[in-house]
Each structure stands twice: as C-alpha cells, then as structure tokens.
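So the sequence lines, in the order shown, correspond to chains A and B.
Mind the numbering: the first sequence is residues 26 to 491 in the numbering used here, read in order.
Mind the numbering: the second sequence is residues 4 to 112 in the numbering used here, read in order.
In case anyone wonders, no lab produced these hints; they're calculated from the structure.
Careful: at least some of the hints might be erroneous.
[Stated by the list, open to error] Covered, in the sense of this in silico footprint (three residues per stretch, anywhere, with C-beta under 8 Å from a C-beta of chain A), are these stretches of chain B:
#, stretch
1, 32 to 38
2, 53 to 62
3, 65 to 79
We put the beta carbon where it would ideally sit given N, CA and C, even for glycine.
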Amino acid sequence: MTEPADLIVIGAGPAGLAAASLASKHNLSVLLLDEQAAPGGQIYRNIEHNITHESETCAILGAEYAYGAALAETCRASDVTYTPGATVWRIDPDGSVAYSVNGAAHTAKGRRIILATGALERPVPIPGWTLPGVMTAGAAQTLLKASAMLPSGRVVVAGTGPLAMLVTLQLIDAGADIAALLETTRKRDYFSNAMLLPGAMAGQDYLRRGMAMRRAIRASGVPIYGGVTELEARGDGQVSSVRGRSGGERLTFEIDTLLVHDGVVPNIQATRQVGCEHEWYEPQRYWRPVRDSWGTTSIDTITVAGDGAGISGARAAEYLGQLAALDAAYRLDKISMADRDSAARPIRSAMQPHTAIRPLLDGVFTPSFTTPHGDDTIVCRCEEVTAGEIRTAVAQGVMGPNQIKSFTRCGMGPCQGRNCGLTVAELIADVQGVPVSDVGYFRLRPPIKPVTLGELAAMDLSETDS
Amino acid sequence: MFRRHDKSSQAKGDNVTIYFEDVPIICKPTDSVAAAVLLSDPGYTRRTPVTKAPRAPYCMMGTCFECLMDINGVENQQACMVPVRDGMKVRRQNGVPILPGDSKEPGND
Chain A
26 MTEPADLIVI GAGPAGLAAA SLASKHNLSV LLLDEQAAPG GQIYRNIEHN
76 ITHESETCAI LGAEYAYGAA LAETCRASDV TYTPGATVWR IDPDGSVAYS
126 VNGAAHTAKG RRIILATGAL ERPVPIPGWT LPGVMTAGAA QTLLKASAML
176 PSGRVVVAGT GPLAMLVTLQ LIDAGADIAA LLETTRKRDY FSNAMLLPGA
226 MAGQDYLRRG MAMRRAIRAS GVPIYGGVTE LEARGDGQVS SVRGRSGGER
276 LTFEIDTLLV HDGVVPNIQA TRQVGCEHEW YEPQRYWRPV RDSWGTTSID
326 TITVAGDGAG ISGARAAEYL GQLAALDAAY RLDKISMADR DSAARPIRSA
376 MQPHTAIRPL LDGVFTPSFT TPHGDDTIVC RCEEVTAGEI RTAVAQGVMG
426 PNQIKSFTRC GMGPCQGRNC GLTVAELIAD VQGVPVSDVG YFRLRPPIKP
476 VTLGELAAMD LSETDS
Chain B
4 MFRRHDKSSQ AKGDNVTIYF EDVPIICKPT DSVAAAVLLS DPGYTRRTPV
54 TKAPRAPYCM MGTCFECLMD INGVENQQAC MVPVRDGMKV RRQNGVPILP
104 GDSKEPGND
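Same shape as in the complex, but just chain A (with noise of 0.2 Å):
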C-alpha cells in the first residue's frame, strides 16, 4: 500500500498553495488534491499561463492577480506532490480521501488534512436567474481569467460586492459593452456602517482601491445605480432584458447577458460531509466551520483554511493557510508549540489589515436575494423546486431542510444543494419565524461530486488498505 502522507491539502487557491509549500518546508509530506489542471484556485485562476502567455489578459485583470504567480511557483519549486485534476468526492475523520483523476478512483490518507475548499458565489434567485445568458459575475470572470473570453453583446451587472464592481471594471477594460451596474447597496448602507469605519482603517488600501474602482467605471461612461430592488431577468428561452427599481426610477436594459452577484460564501460541501460542526454568521448570512485560531475544526484532525473557514479574502487566505501549516507542523511532531507559535506572530500581524477590512465589507454589502418575494421563483435549479412549494411544504409542517429534500426533491439534484441550501434554510426560517441558526443546513453525504458506478468498481482498493 502507499505509504500515508502526513498531511493531504485539498485546495490549491492560495491558502492551499500557502499551506502546502510551508508544511513541506518543516518536512512534512504533502499530497496537494486541486479539481483544477492547474494551480492558483478561482482567485488566481491560470495564473501560470497567463503570466507568460497573456500579458494584456495580466494587465486586465490587474496587480493583485499577478501577485499569485508567486505563490504557485513556490509549491511548484517544493517537495509537494501535487494531483491537478482531482475531484475529492469523499474525506473521513481518520484522514482517508477518496478522489477521482480522469475517471478514475483513488484513495489516500494523511495523518491531518487540511481543507482549504474556498468560496462559491451565493445562489442569487430571482425570477429569470435560470434563463440562458444569465450567469455569475465570478462566472465572466473565470472566462477571462482561464480563456481570456468576454461577453460579446451587451451586459447588466446586477447585485452587491467587491466583486460586482471588480467584474464590471475588468470587462470595461477588456472592451466589453457593458450598460449599466445595478447596485443592491443603498447609500444608507455605507452610513449606518460609519462606526465600522476606524477599525477599518488598517485595510485602508482596500477602500482607497474600491473608491477608485467606482470612479474608473464612471468615467468610463457606464452608469452606476444604487439600490435596486425588484431586480428581474425576462426572456423566451434566452434572457434579452433586465428589470428593476431604483429610487423612483423604473429600470429597463435590453441585454444579452445578465451577470448576477450577491457576495460569496464559504463552500462548505467538505466541512459538512465529514461532519464538522458549523456556526450561522449572520452579517453575511452563511454558515461556517467552527473553527480555533488555527483552523482546526470540532474534528482534531481536520483544519480549514482560507475562505472556506469564513470569508477574509485571498491575502488573509494565503496567512490562514500558513497558520495551519505551522500547527500541523506542531502536531506531527516536527516543530515545538513555542516555534510554532513565535512563527505565526509575524503572520498574524501581516494578517492584520487584510482582515481589519471585513467588518466594514461585510456590512455595507449584505446579500439582498437570500428570500424570493414571489413564489415562482426557482429555488432549486436542480430539480425545479420554487420558493412557493418550499413555503406550502413548510406551512404544512415540514420540519426542516432535510424534510423538504424528501418532499420537494429541493436539493436532491447534480449540484446537491450547493445553490438552493443557503436560500432553502432562509425560506423555512421565514415562514417558521425562527432564526436561520436554528433550521440547520442539508446533510450532506458522500460522494460530494458525482462519480459513476465504473469508477467505483474500479477503484484500487489496495491502496488504503493495510
């Protein structure tokens, strides 16, 4: 059989990256598992190509994109075996993780794993958001970022974030014609956060860069409005308008792509799956692993790190990353608690402004979609399921979100409920009048990625057996 590595990293953006090349610089052996051919996760997507390839798509995309290239280089130039291309679809409390590579079923165990699984965007349903054409900002981005691709008609960005206006900007500048961003953010928003401001101000790079982004995008002509409510994608098999309200002011934008944002969250299929415990964040609405300040989980041999722990973003990711590293490294054995600890000071205080930030973003853009008013709106795209069903289920007693799987199939599809759990739990608690936190979440069980049956049968059982 193979031999166990100490430690299985899952995730290679920039907490797995950072994770991995420090656990291995303290001798620690690493396996790294990336669904992706390559590393850099969603944030610094392709960044090895774009770098040598792709100068102008570098220049779009801007400085804090390049700055992973460093990060990728560093795992690449250590002792880190890394598997792109590796869709772990099962981890167990003992270390095992199950993991398919081109069709083809794999088994390993570390002695730690640390999951560093990231983000996903929140799912953002409104009426029209399963039409073809509609699709995330985070999804015009990625076509940039992997294919240097840009929407070739005209575009609506629509919805609340750093990323809304990041998007917007970028495709400006790769030449997209884009009509208008539709902003959820009301001006009250950004003064009823004022007394987040001096706490703030260690990230104050982050706000002088979002100020000038907003700027960028006016001068370039496209018009910004704040507030939107009644946002509506409207088409006949494909999306060819947007509908809203801003102020007073009725909204209509004869488009053909429509991209929706409503921040990110953490993707948290691996956490649930293995069982680790979670907690409702409320100024964001998501949940989170319960986790120490090292990332460790309510299972001791799991730690998470990165945006997967909790939105921070991808600088604190890469610290957080360092940080489980370091206490992996403690754990196995390979350095002493007070090296690890007088390691992680200087990363803690690096840490610092990157994550003073939060607060203040994560209450001036608080998602606006977690509710549909209407109840035809689609809830789950999987299986079809509208908040109008999910609100009779509950009115006539369904219990919770596990109930509504069983008699709705809400949440029962491909995606298994990776874009209908966050709205689903939201639309229980609403009727039920009782805080989220205490509908619960779906269970979520192995595989976490559809695999097929051949795989299955496949699979080289000899590799963790001993």
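We have chain A already, so just place chain B on it with the hints.
Positioned in the frame of chain A, the structure of chain B alone reads:
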C-alpha cells in the same frame, strides 16, 4: 454569447477543433469544453429533466451543474471542468440521461 477579447494572444497560435452538435469550434487547448461551446453562441446547452427548460453554463467553476453536456458519448459531464481535446464531439444533454441499453425517451421517469 462570448468572444476572445481583442488583445488576447489566444486569438492566434495553436488551435484545436471540437464539434458542438456537429458544428466545428476552433479553440485553445487550455479552454474548458463549456468555454469553447460558449464561443459558438449555443443558445442553450441542456434541457432540464423536469420541465425540459433550456439552460446554459451559469457558474463556470464546477458548482452549479448547469453545464452538463454529452461529451464523446458520455452524458452528465461538467463541461466547465473538462479541458477540450482535438476532435471532441459535444452534444446538448436532453433531460434525464439515457443509460446504455435503455430505449426509453429521456425524461419520462
């Protein structure tokens, strides 16, 4: 629906050809199948199992499963996670996938 941006060096250089519903698409080896298909203005890329509604790629990062397509005869592939290879034959997925030997119309169960 999508195009390369004008400044991209990907507009030139090595190209591979895939076929979406038998129509050739010229793309780059670093493209995902979903990205390449979006270059061809596909309209939609699957129909849903329940109502046969048209859908197209939504998240492009492997979480939404809207980009499920039939790639080289194998259905239910996340096209945004599969890199293109020369000569690939890609089709829209129509409702419920058909198992080999199953003669039923898709979507009837």
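Going through the hints against the structure:
1. 32 to 38: holds (count 4)
2. 53 to 62: holds (count 9)
3. 65 to 79: Held - the stretch 65 to 79 of chain B has 7 residues with a Cβ nearer than 8 Å to chain A, which meets the minimum of three.
In summary, this structure violates none of the numbered hints.
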